[in-house]
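Student: Below are the chains, spelled out letter by letter.
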Amino acid sequence: MSGCAAPSLTPQENAPHLGRPADPQVLARQRLNVFPDGSGLPTGRGTVAEGGALYARHCAACHGRDARGGSAEELAGAVRPLNDPDADRTIGSYWPHATTLFDFIRRAKPMGAPGTLSADEVYALCAWLLHANGVVPADAVMDAQSLPAVRMPNRDGFIRIEAD
Amino acid sequence: MPARRPSPHTLPEVAGGGLLDRRLFLRRGLVLATATAAAHTASATPDDDLPWLHEPGAPFTPYGQPSPHERLTARRIGANRAVPGNGVSFTPLEELEGIITPNGLHFERHHNGVPQIDPARHTLTLHGRVKQPLVFDVKSLLRYPMRSQLLFIECGGNSNAGWHQSPIQRPAGSVHGLISCAEWTGVPLSVLLDEAGVEPDARWVIAEGADAGAMNMSIPLAKMREDCLIGLYQNGERLRPEQGYPMRLIVPGWEGVLHVKWLQRLELSAQPVMSRNETAKYTELLPSGKARQFTFTMDCKSLITSPSHGQSLKQPDIYQVSGLAWSGHGRIRRVEVSADGGRSWADAALDGPVLPRCLTRFRIPWRWNGQPAVLKSRAIDERGNRQPERAALVAERGRAGYFHYNGIVAWAIDDDGRVSHTY
Numbered sequence: 001m002s003g004c005a006a007p008s009l010t011p012q013e014n015a016p017h018l019g020r021p022a023d024p025q026v027l028a029r030q031r032l033n034v035f036p037d038g039s040g041l042p043t044g045r046g047t048v049a050e051g052g053a054l055y056a057r058h059c060a061a062c063h064g065r066d067a068r069g070g071s072a073e074e075l076a077g078a079v080r081p082l083n084d085p086d087a088d089r090t091i092g093s094y095w096p097h098a099t100t101l102f103d104f105i106r107r108a109k110p111m112g113a114p115g116t117l118s119a120d121e122v123y124a125l126c127a128w129l130l131h132a133n134g135v136v137p138a139d140a141v142m143d144a145q146s147l148p149a150v151r152m153p154n155r156d157g158f159i160r161i162e163a164d
Numbered sequence: 001m002p003a004r005r006p007s008p009h010t011l012p013e014v015a016g017g018g019l020l021d022r023r024l025f026l027r028r029g030l031v032l033a034t035a036t037a038a039a040h041t042a043s044a045t046p047d048d049d050l051p052w053l054h055e056p057g058a059p060f061t062p063y064g065q066p067s068p069h070e071r072l073t074a075r076r077i078g079a080n081r082a083v084p085g086n087g088v089s090f091t092p093l094e095e096l097e098g099i100i101t102p103n104g105l106h107f108e109r110h111h112n113g114v115p116q117i118d119p120a121r122h123t124l125t126l127h128g129r130v131k132q133p134l135v136f137d138v139k140s141l142l143r144y145p146m147r148s149q150l151l152f153i154e155c156g157g158n159s160n161a162g163w164h165q166s167p168i169q170r171p172a173g174s175v176h177g178l179i180s181c182a183e184w185t186g187v188p189l190s191v192l193l194d195e196a197g198v199e200p201d202a203r204w205v206i207a208e209g210a211d212a213g214a215m216n217m218s219i220p221l222a223k224m225r226e227d228c229l230i231g232l233y234q235n236g237e238r239l240r241p242e243q244g245y246p247m248r249l250i251v252p253g254w255e256g257v258l259h260v261k262w263l264q265r266l267e268l269s270a271q272p273v274m275s276r277n278e279t280a281k282y283t284e285l286l287p288s289g290k291a292r293q294f295t296f297t298m299d300c301k302s303l304i305t306s307p308s309h310g311q312s313l314k315q316p317d318i319y320q321v322s323g324l325a326w327s328g329h330g331r332i333r334r335v336e337v338s339a340d341g342g343r344s345w346a347d348a349a350l351d352g353p354v355l356p357r358c359l360t361r362f363r364i365p366w367r368w369n370g371q372p373a374v375l376k377s378r379a380i381d382e383r384g385n386r387q388p389e390r391a392a393l394v395a396e397r398g399r400a401g402y403f404h405y406n407g408i409v410a411w412a413i414d415d416d417g418r419v420s421h422t423y
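Going line by line, the protein sequences match chains A and B.
Count the first sequence with my numbering and you get residues 1 to 164, in order.
Count the second sequence with my numbering and you get residues 1 to 423, in order.
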């Protein structure tokens with residue numbers, strides 16, 4: 001029998017502590033998460049008209065010229081409501097937050113060259129897609145203030161099952 | 001002289017349709033017939049002049065490969081024709097035994113291809129609501145205390161054909177094979193969270209990959225602290241590129257999309273990010289038009305892999321019914337099998353060890369009399385969760401939810417011994 005037990009260490013006392021402090025300037029240059037309250041949105045702006053040209057160039061080949069779908073899913077033009085067994089789940093009918101558009105387009109689109117669009121271009125695509133879904137008017141301008149202020153039609157359509 | 005034991009061919013059944021006592025497996029010398037793949041023809045070779053007895057074998061190889069005779073045991077790929085890196089590959093469950101999925105057969109879901117990451121240029125950044133944002137390189141993380149755990153990973157969209165109006169006729173693995181099981185080894189996330197210091201208002205951790213699209217998902221901080229790992233090894237070797245090399249998140253028992261591969265950032269926040277994959281996708285539309293969101297735990301589920309679709313029973317005989325059961329809530333407590341379409345049930349034997357949030361193999365002997373039969377399995381976990389009949393699941397959720405299908409799977413055997421999917 002050992003006379004004295006080794007002192008028990010908590011995991012953090014035991015951890016090697018090999019993380020180095022993150023450089024805030026490097027972090028600020030990353031394409032980070034964009035939240036429903038708008039935090040994480042960069043400066044910049046884009047119009048529906050600018051977005052239409054960008055959509056035709058980068059998106060229409062897969063999502064269809066009118067955003068009604070193609071080899072990729074439909075983005076606009078929902079006809080069957082969400083309580084229909086074959087509901088149309090478009091941005092306008094299903095997505096609860098407009099900021100999700102910016103977060104997703106900036107990191108993931110276009111699929112052939114993700115992460116290459118400027119902030120202005122991403123704002124413009126958000127504006128055009130929201131307009132194509134009848135959520136904002138044709139003269140809408142999207143920026144860090146106006147985008148999180150857009151109220152999506154299905155904002156309250158979700159029931160949180162395992163989260164508060 | 002040993003006592004004469006009754007032949008299994010005359011033993012009484014323990015449930016309708018010819019199910020026999022699972023303890024028969026304890027008998028040595030029990031001979032079982034196996035269902036065979038329809039296309040598979042075994043050819044007997046005279047064993048007196050086999051060439052490998054008379055010539056030297058192949059030299060050593062740096063990394064072993066399966067026998068060329070097993071090349072058909074492969075993942076089945078379903079991808080978008082326009083974007084070949086967006087899709088899935090299924091684990092061929094009905095071709096495998098035991099509970100461990102070989103690394104080359106682990107299912108995949110990629111949104112935009114498999115990145116080829118140089119580990120020397122990859123880092124993990126922990127930032128947001130922490131006292132000190134930290135950057136870890138791969139070499140540093142490999143020096144942290146690690147933990148190993150056998151765990152399944154199941155895609156939230158696994159078995160989604162179960163929502164279809166009519167039963168899909170495909171092999172078991174091609175419908176239900178978005179689940180695999182491996183030993184995952186890595187650094188407990190709680191250690192890194194403590195090192196950075198968590199701000200009191202943090203409730204969520206947003207994990208982000210380094211693939212083309214930097215996929216991001218929000219996970220409750222409490223789960224991250226409880227049992228999540230930065231996974232570095234799979235079945236003893238460093239992760240394969242298609243499994244997230246050099247590091248992925250391991251979120252025991254929760255849906256696959258949360259096990260973010262090629263993990264590059266973890267942001268702590270008070271709110272979820274509401275990313276595309278936790279709003280537009282991986283949410284389940286109900287008949288009311290409302291949608292279930294943040295359905296993380298993969299529910300209690302089981303599946304007979306033998307016999308299953310596409311296989312056939314050659315003649316009336318004693319067969320081994322075998323399959324897999326799992327629950328994201330914990331251990332499997334019991335698996336029951338029915339051979340009469342669910343009118344009566346018998347307990348299957350569970351291969352040990354039965355581990356929490358891990359695949360469990362079950363088996364039961366079955367005497368097939370040559371008549372049409374319907375085989376089903378249903379699992380119950382240690383929390384009392386029961387795998388539901390399909391009709392009950394559809395009655396509760398409708399058919400538009402797509403994700404989190406865990407209904408009972410039924411295989412119909414016709415009088416020629418052919419196995420097909422049925423409801």
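These aren't lab readings, by the way, just hints derived from the structure by calculation.
Glycine included, each C-beta is placed from N, C-alpha and C at the ideal position.
Do not rely on the hints blindly, as some may be mistaken.
A few chain B residues that face chain A, going by a derived Cβ cut-off under 8 Å, partial list only [claimed, not checked]:
id, residue
1, 83
2, 87
3, 132
4, 140
5, 144
6, 196
7, 273
8, 276
9, 294
10, 399
Student: Taking the hints in turn, state whether each one holds.
Tutor: So, going through the hints one by one against the coordinates:
1. 83: With a closest approach of 6 Å, the residue 83/B hint holds.
2. 87: The hint is violated - residue 87/B has no Cβ within 8 Å of chain A, the shortest such distance being about 12 Å.
3. 132: holds, 6 Å
4. 140: Holds, because the Cβ-Cβ distance from residue 140/B to chain A comes to roughly 4 Å (cut-off 8 Å).
5. 144: Nearest chain A Cβ about 6 Å off; hint holds.
6. 196: holds, 7 Å
7. 273: Given a least distance of 4 Å, the restraint on residue 273/B holds.
8. 276: holds, 4 Å
9. 294: holds, 4 Å
10. 399: This interface hint holds because 6 Å falls under the 8 Å limit.
Violated hints amount to a single one, hint 2; each of the other numbered hints is respected by the structure.
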